[in-house]
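A.B. asks: The chain contents come next:
Protein chains: 2
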Amino acid sequence: MKDALIQKLGDKSAVIGIVGLGYVGLPLMLRYHAMGYSVVGFDIDDNKVDALLDGKSYIEHISSDDIQKAMDDKWDATTFFKNIKNVDVIILCVPTPLNKYREPDLSYVLNTMETLLPHMRKGQAVSLESTTYPGTTEEELLPRLEERNFKIGEDTFLIYSPEREDPGNQNFTTNTIPKVVGGHTANCLEVGKAVYAGVIDTIVPVSSTKVAEMTKLLENIHRAVNIGLVNEMKIVADRMGIDIFEVIDAAATKPFGFTPYYPGPGLGGHCIPIDPFYLTWKAREYGLHTRFIELAGELNAKMPDYVIEKLSYALNQVEKPIRNSRILILGIAYKKNVDDERESPCIEILDKLVHMGATVEYSDPHIPKFKKKRNYDYNFESVDLTPDVISSYDAVVLATDHDLFDYDMIESNAKIIVDTRGKFRNFLPNIIKA
Amino acid sequence: MKDALIQKLGDKSAVIGIVGLGYVGLPLMLRYHAMGYSVVGFDIDDNKVDALLDGKSYIEHISSDDIQKAMDDKWDATTFFKNIKNVDVIILCVPTPLNKYREPDLSYVLNTMETLLPHMRKGQAVSLESTTYPGTTEEELLPRLEERNFKIGEDTFLIYSPEREDPGNQNFTTNTIPKVVGGHTANCLEVGKAVYAGVIDTIVPVSSTKVAEMTKLLENIHRAVNIGLVNEMKIVADRMGIDIFEVIDAAATKPFGFTPYYPGPGLGGHCIPIDPFYLTWKAREYGLHTRFIELAGELNAKMPDYVIEKLSYALNQVEKPIRNSRILILGIAYKKNVDDERESPCIEILDKLVHMGATVEYSDPHIPKFKKKRNYDYNFESVDLTPDVISSYDAVVLATDHDLFDYDMIESNAKIIVDTRGKFRNFLPNIIKA
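Taken in sequence, the protein lines are chains P and D.
Using the numbering used here, read the first sequence as starting at -12 and increasing by one per residue.
Using the numbering used here, read the second sequence as starting at -12 and increasing by one per residue.
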């Protein structure tokens, strides 16, 4: 069955099922389709499925035009998971968040598997792309498949291949980012390579699914720790009267042995603040602490408070408290030039200021309306920036440094600027680095 | 006086005095000479001065031939510090170690300054290159110069410009590594740029001496923390049955957002294990803790014990204790392809094994004899490696992965290999990752 599946993948007669049509699943679905495969997208969200059948995108960096062009007889989307029997490859792109105790929440992965299992057939490959702790594929997916009498490596092929999407990255797209692939058996790996070889330029095979799982975690742990480190260095440098951004730029001129990471108002997004704790949780099973991850988590989590402390200090200079001051937050997306405010520390800053009694508004060219969130429920709309608008606030906080902001105009008109991103390099008394 | 000095630097009639002729000062002295300047090297060590006047090198990666070629009427070296009056530029390249309480030991810098001060004259520039905490130049050098009535920025120019030498680096040499320069005043910076412009391809001016001081520390803190992180990840991965080197190599295929650092037997050399604590010490003055630095220090410092634990486990498999076992340490230099064993964790491993009663020998093609150290006093000579020699040991520990080792021969003949560098990628029962 292995050879038959590999052949179908090679001649593109294989049907690819993508489960979970978010910022990972949708670009992958488009890519498979563009390379000539028949694709079926599965999601529990009617709105997404309807959009894809109507030729509409729901992700900023993917255009509706791209969807419309893909709408032919090889393009399908559905909420009927029993149709999974019609596909040859099942790629799982569902979220793996943390619960409120910062423990892995595998419910999306496991509920999806439980829903799919009764409709699976022999001859299929299953590839998990969701970020998770080492051992998930072997300990959670494998036994569920074996219980249903699938013979892994013989009639069914189990793969783990972490997504590496980077929304907003202009230099790399789905196919130019090398893809790490681990299989549960040698046959699984062989199938795994065939699954991705038709759509990704470079495949990086590794010796097991848990090596592939650990690879993705190491990538994101590396970022979380390096950002935590520069956040700590920012606080130390600030107290010593040193601008950390100038230091980082100077250090970055070293042509070996140094990679610049920049401080900010805290960690955001769906990956860096979350993924590392998947390893922390799993390591406890082995009696180990992941101390760098925990320290980085602590440092990064306290940055919103640090920004507020700096804002409070700046307002105090002009004899104002935070209560009843008019504050404008510039940028609420979790990183620049994207429309994604998931886990954004900017919203935490905004929320804290509201609770402290400030009159808070925001401006973000990528997020015209503030979406309702589990923990936040504001009816905010992005403020349009003009010199008069800027000068009407007691202080503006640059939280996310979108390229669309007019920094010269902001600098010329703001009474106080609290700059969390090192964008304002003039040493002026009303510009506070935070 | 500023313009006169800058002009002399520009037309290369300026005489350059290098104080401290070690792995930083000597290459710099050669570089100034090669670019047409008259140079005078100062050192308290007769042996170094004699060698330079005799055409002999005492540093592995600098050949005696290079010294001999430089020996003309523009080449001089001396132990007479009063001759400092004859130079236009004083570049300080002296060590800045830690004392046994891990506090900065500025005695080399300060004693050198005290020795030089009575012989200095107006019109000179002083540039400190030694790694140190932010504020050293302003707090320690500036007042000593002002006490002697030098007017900084007018008749004397005070500069901090950190060395970035990387012995053994084949891709970069003194002149191709961009040089960060900070001046105490604008005039000092202008002179500082002129001091280095004639010998270094790219000058990176920064706004103050303390920004330049912090830059060098950030570079080395970044390395210490990233190595600490991968050492912790190695321990976690090992317990989960995952080879961290395979994971790092896979993660390194991500074309953005990840930089590979590799674990090892601990930190070594004269920079990475030491420099970060200069910031730790200074930060205490501001009531701040540098928690990443301290965590990295702790993790990295315990790696030799981790290696010994792994060795003990491996010997236990063949029913042997460490006492009376014959152990060979491969590589005692602190990093590969260099002859420098300062602060080498390999020596700590060797020393601990000796104290545990093992019969220990070492082999290092770059260090034929074990130099006597403050804390160690062995009369070891490097063992020549043959198949019979390798197989005569109960275990070999790969501590430093020199390119000159014949890894295939070692793998074929060793009874047990404890590999701290991930060089042996075959999964064999007698190869233990540590």
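It cannot be assumed that every hint is accurate.
No copy labels: a pair is met if it fits in one copy or bridges any two.
[Unchecked claim] Calculated cross-link-like contacts (lysine-lysine; reagent style DSSO-like; alpha-carbon spacing at most 30 angstroms):
| id | residue 1 | residue 2 |
| --- | --- | --- |
| 1 | K56 | K410 |
| 2 | K356 | K138 |
| 3 | K180 | K410 |
| 4 | K180 | K420 |
| 5 | K61 | K289 |
Don't read these hints as lab results, they were simulated from the structure.
A.B. asks: The structure should be examined with respect to each hint, and the outcome stated for every one.
C.D. replies: Each hint, compared with the structure:
no.: 1; hint: K56 with K410; result: neither (39 angstroms within a copy, 50 angstroms between copies)
no.: 2; hint: K356 with K138; result: neither (50 angstroms within a copy, 60 angstroms between copies)
no.: 3; hint: K180 with K410; result: between (43 angstroms within a copy, 26 angstroms between copies)
no.: 4; hint: K180 with K420; result: between (48 angstroms within a copy, 28 angstroms between copies)
no.: 5; hint: K61 with K289; result: neither (49 angstroms within a copy, 58 angstroms between copies)
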